[in-house]
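One-letter residues, chain by chain:
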Amino acid sequence: VSEIYTPKISRRATLRWLFAASIASSAYRSAYGRRVRSRANTGQNGHGNSPDMMNPTVPWERTMSSDQLRCTAALGDLILPESPDGPAPSALGIPEFIDEWVSAPYPLQQADRGQIFSGLSWFDEEAGRRGRQFADLHIDQRQELFNEVAPQLSTVSQTPAVACLRRLRFLVVGAYCSTREGLNYIGYSGNMALPSYPAPTDAEKSIVAQELKKLGLL
Amino acid sequence: MMKSNEVYDAIVIGSGAGGGMCAYNLTHRGIKVMMLEAGRNYDPISETPMFSLPTAAPLRGAPTPDRPFGFYDALVGGFRLPDEPYTVADGSHFNWLRARMLGGRTNHWHRTSLRYGPYDFKPYSRDGLGADWPISYEEIAPWYDKVERLIGVTGKSHGIENNPDSPPGVALPPPPPSPREYFLKLGLERLGYPVSAVRAAILTKPLNGRPACIYATPCNRGCSIGANFQSTTVLIPPALKTGNLTIRTQALAYKIGLNSKGRATSVSYVDRITGQHYKVSGRAVVLAASSCESARLLLNSRNSSFPNGLANENGLVGRNLMDSPYIGVTGQFPALERLPPRNEDGMSVSHIYVPWWGHARQARGEWNFPRGYHIEFVGGCRVPEMDYATLCNSSHGPDLKHEIRQRFGSDFTFYGQGEMIPNEHCYCELDTKVKDRWGIPVLRFHWRWSEHELRQVNHMNETFYNMIEKLGGRVIPGPKKEQLISNGGEGCHEVGVTRMGSTAKESVVNRFGQSWGVKNLFVMDGGVMVSSPDKNPTLSILALSYRSSGYLADEARKGNL
Chain A
51 VSEIYTPKIS RRATLRWLFA ASIASSAYRS AYGRRVRSRA NTGQNGHGNS PDMMNPTVPW
111 ERTMSSDQLR CTAALGDLIL PESPDGPAPS ALGIPEFIDE WVSAPYPLQQ ADRGQIFSGL
171 SWFDEEAGRR GRQFADLHID QRQELFNEVA PQLSTVSQTP AVACLRRLRF LVVGAYCSTR
231 EGLNYIGYSG NMALPSYPAP TDAEKSIVAQ ELKKLGLL
Chain B
5 MMKSNEVYDA IVIGSGAGGG MCAYNLTHRG IKVMMLEAGR NYDPISETPM FSLPTAAPLR
65 GAPTPDRPFG FYDALVGGFR LPDEPYTVAD GSHFNWLRAR MLGGRTNHWH RTSLRYGPYD
125 FKPYSRDGLG ADWPISYEEI APWYDKVERL IGVTGKSHGI ENNPDSPPGV ALPPPPPSPR
185 EYFLKLGLER LGYPVSAVRA AILTKPLNGR PACIYATPCN RGCSIGANFQ STTVLIPPAL
245 KTGNLTIRTQ ALAYKIGLNS KGRATSVSYV DRITGQHYKV SGRAVVLAAS SCESARLLLN
305 SRNSSFPNGL ANENGLVGRN LMDSPYIGVT GQFPALERLP PRNEDGMSVS HIYVPWWGHA
365 RQARGEWNFP RGYHIEFVGG CRVPEMDYAT LCNSSHGPDL KHEIRQRFGS DFTFYGQGEM
425 IPNEHCYCEL DTKVKDRWGI PVLRFHWRWS EHELRQVNHM NETFYNMIEK LGGRVIPGPK
485 KEQLISNGGE GCHEVGVTRM GSTAKESVVN RFGQSWGVKN LFVMDGGVMV SSPDKNPTLS
545 ILALSYRSSG YLADEARKGN L
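Chains as they are written, first to last, in my numbering: chain A, 51 to 268; chain B, 5 to 565.
To be clear, the hints were calculated from the coordinates, so they are not data collected in a lab. Don't take every hint at face value.
Stated by the list, open to error - EDC-like cross-link-like pairs, simulated, lysine to aspartate or glutamate; straight-line CA separation at most 20 Å: (1) 209/B with 136/B; (2) 160/B with 10/B; (3) 562/B with 169/B; (4) 126/B with 169/B; (5) 255/A with 136/B; (6) 264/A with 473/B; (7) 255/A with 193/B; (8) 474/B with 317/B; (9) 523/B with 380/B; (10) 263/A with 193/B; (11) 265/B with 559/B; (12) 437/B with 169/B; (13) 209/B with 193/B; (14) 36/B with 77/B; (15) 264/A with 341/B; (16) 263/A with 13/B; (17) 264/A with 317/B; (18) 264/A with 254/A; (19) 126/B with 558/B; (20) 509/B with 435/B; (21) 259/B with 136/B; (22) 263/A with 341/B; (23) 283/B with 466/B; (24) 245/B with 47/B.
Said to hold, decoys possible - Sample of chain A residues at the chain B side, in silico, Cβ under 8 Å: (25) 108; (26) 134; (27) 136; (28) 141; (29) 160; (30) 164; (31) 167; (32) 182; (33) 189; (34) 190; (35) 206; (36) 210; (37) 237; (38) 254.
Cβ coordinates follow ideal geometry from the N, Cα and C atoms, glycine included.
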C-alpha cells in the first residue's frame, strides 16, 4: 500500500463537466444478466453517440478533491492489495479512473458519486478521531478501520461506509482487471490475431471429462 | 426545397441489411440507385478500434446512455437520439433502437445467422396463433443459399427440427468450441439438450476477396478487415463499383410523393446537418429504413388519395409490432477453474448454441407457452467487463486478489431469445402532437407482452437455473422475477409493422414486399415479417430483400411498375 498517494496520470480535462440533475431520468439496472445495456440517455456533456473511437478522450473533468483521491487510493489498495505478482491498484491509476467514473454525467455514475463521496467522508471523519485523514493514518490503523466495515459488505447494510466500500470494490476490481497488468495477472492472453482457432487439446478434454464425471454427467 | 434533375431507377431508403442487399442486387442488374441514409458516412476500415483495450476508453468502455452497448460498439445511434424523439403511451415500456450511420445496425449486430424454419412461416396453421406468411420455407430457401454464399455463414448439418441446415457446400466450416464451451456442450448434451455449432456471418475461410476471421477483437466493434458481415464491407462497396449507386448520407427521408397515376415518383428528405430540404425523383421507391422508420414514412406520406398514409388502406401500417423477448442468467462454474487459461477470444459470438428443443412437448400441451427460444452463451476467457467483481465472494484483501485470478474464465451468461406472437396491444402510430427537430411527426409506441411471452421467459429462467445447477455452477444474482423480461424494443428485433400477406385486406405488402396500392413502392426491411421467430432476423431480412429486389428488377424490365 502506498503510504502517500501521488496521482499517476495527468488530468485529461477537455470540457468542464456540468451535470444537470434534471436530465438524469431513468436508472441503469442489471436486468438481463451481467452484460447489461444502459437505458436512459442524457447525452449532454458525455461522449455522445458518435465519439472518435480511434482517439478516445474523456470529455468531462475529473472532480474529486485531492483528499478524496488519496482516500480512494488508500481504500483501493486495501481492497486489492499489492502482491508479488500483481501491483496495487494505486500503481495502475485506478484512483484516477474512479475519479473519472464518479465525475461522469450519467445516472449510474452519479449514483455512485453520492455513495462513494459519503463513504469517503465517513472514513476521513473516523480517521479524524485518530488525528489524521484516512490516507495519512499508519497502515495498521487504516487496516483496523477498514476491517470494521469490510465484513459488512456481504450483508444488507447500507451505511455510508458500507455502501461506499461495496461500490469501490466493484469499481476497483473491474478497473484493475481491464488494465494490461491486471489482464496479465488473471491470465488473459487474447487480443492477438490467430491464423486458426485451436480445438481443445487432449489435456483440456481430459480435465473436462473429469469434471463432468464428478458431476455425474459422464 | 431543392430538387434534383436526375431521375433514378430506384430510390432505396436505408443502407443496412435490407437497403444494402437491395442496392447490391439492383446495381448489379444495371439499375441506377439513389440510396438515402439518415445517418453519417461510416468507414469500417479506418474507424474500427480493433485491438483497443478498455483502458483506452472512457469508463473502461462501459455502457452509457449515449453508447448503450459500450463505448467501442460500432453503433452510431442509440435508444434516444438528439432532435429525433419518439413517444411511448402511458403504461407501455418500449425503447426504440435507431442507427444513424451508413450500413445501419449491420455494423454492430451479433452475427448469429439462423434460418427461419418451416414452422416459422406457418405458425397459425400449427397452433392457431399469429398469422401465416404468404411464403414457405421452401420458397425462401434458395435465397438463404444465395445470401450465405455471398456473405459467408458458418454452419454444420445437425438435422434439428425447424432449424434448417444449409445445403452441402454452402455453409463455411464452424470453428471448434473453446475448452470451456466444450464443457458446456458435453454437459448440456448429457442433460438432453441439443447443442449446435454456431451459424454466424463470420468467415472461417476467405470468401469473395474477404479474409478469414483472425479470432481476435469483438465483432460488435465492426471489422476493419471485413471478415464479418457488414453492409459497409460486403454489400455497399461492390454496389458502388458498378457505378450505378449514388449515396446521400445525413438524408432523413420523410415523405414519398405520388403522381396522378398513383405511382411513387419522389422522396423528400432533410439534411440532418444543414436542415436543407431536398426532393429526389425515382421510378421506384424501396423502404428499408428499419421497420418502424419505414412505417413512419408511410404514415407521414398521407395525401388526399391516401388520407391514412401510403399502403395503409386497411390501417395495418404500424400494427403487429413484434420484438424478441430475452433474458440472461449468469452462472459461475467451479469446474471450469481447473482449466488453465488460454486465448478463447474466438469469433466473439459463442461457437455453440442450443436450438429450441421443445416442439414435441408443446404439441402435447405439456408446457404453458406455445413458442420456443434458443440459447446463446457469452463467457470464458474474455477481457473482463466492469462487473467482474460480481463473480467473487471475498470482500477484500489477499483472498479477493487470489479469487479474481481463480474465477477468470469460469463464468458464462446464458441468453435466451424467444419468439413473440403479434398482439393487438403492440403497435406504433403517428403522435398527433410531437414532431422532431425538422417538424416531422414522430412515432408513438404502444406495448404489452402477452402471457405467451411472459410464461416463455419464466421457462427460460427456470431452465437456465436448472442447467447451471446441474453443471455444478452457482447463479450470479440477477434481476428479480418480475423484472425478468426485456422492455419492448430492447431485443432490437422490431419487425412486422408493414406485414406481407396474400391479400390486400390482411397485409400491407405482397409476398415480394410490393405495396398493394402503389405498385412501384416496396418494403424490404424487417417490417414485412409476419412472425418473429426466436431466430435473429438479419439473415432473413437479407434473403427477403435479395428476393424482393430481384422481383422489382424483373417487373421494372417488363414495364410493370
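field: Ascending list of hint numbers which this structure does not respect
entry: 1, 2, 3, 5, 8, 9, 12, 13, 14, 16, 17, 19, 20, 21, 23, 26, 28, 29, 30, 31, 32, 33, 34, 35, 36
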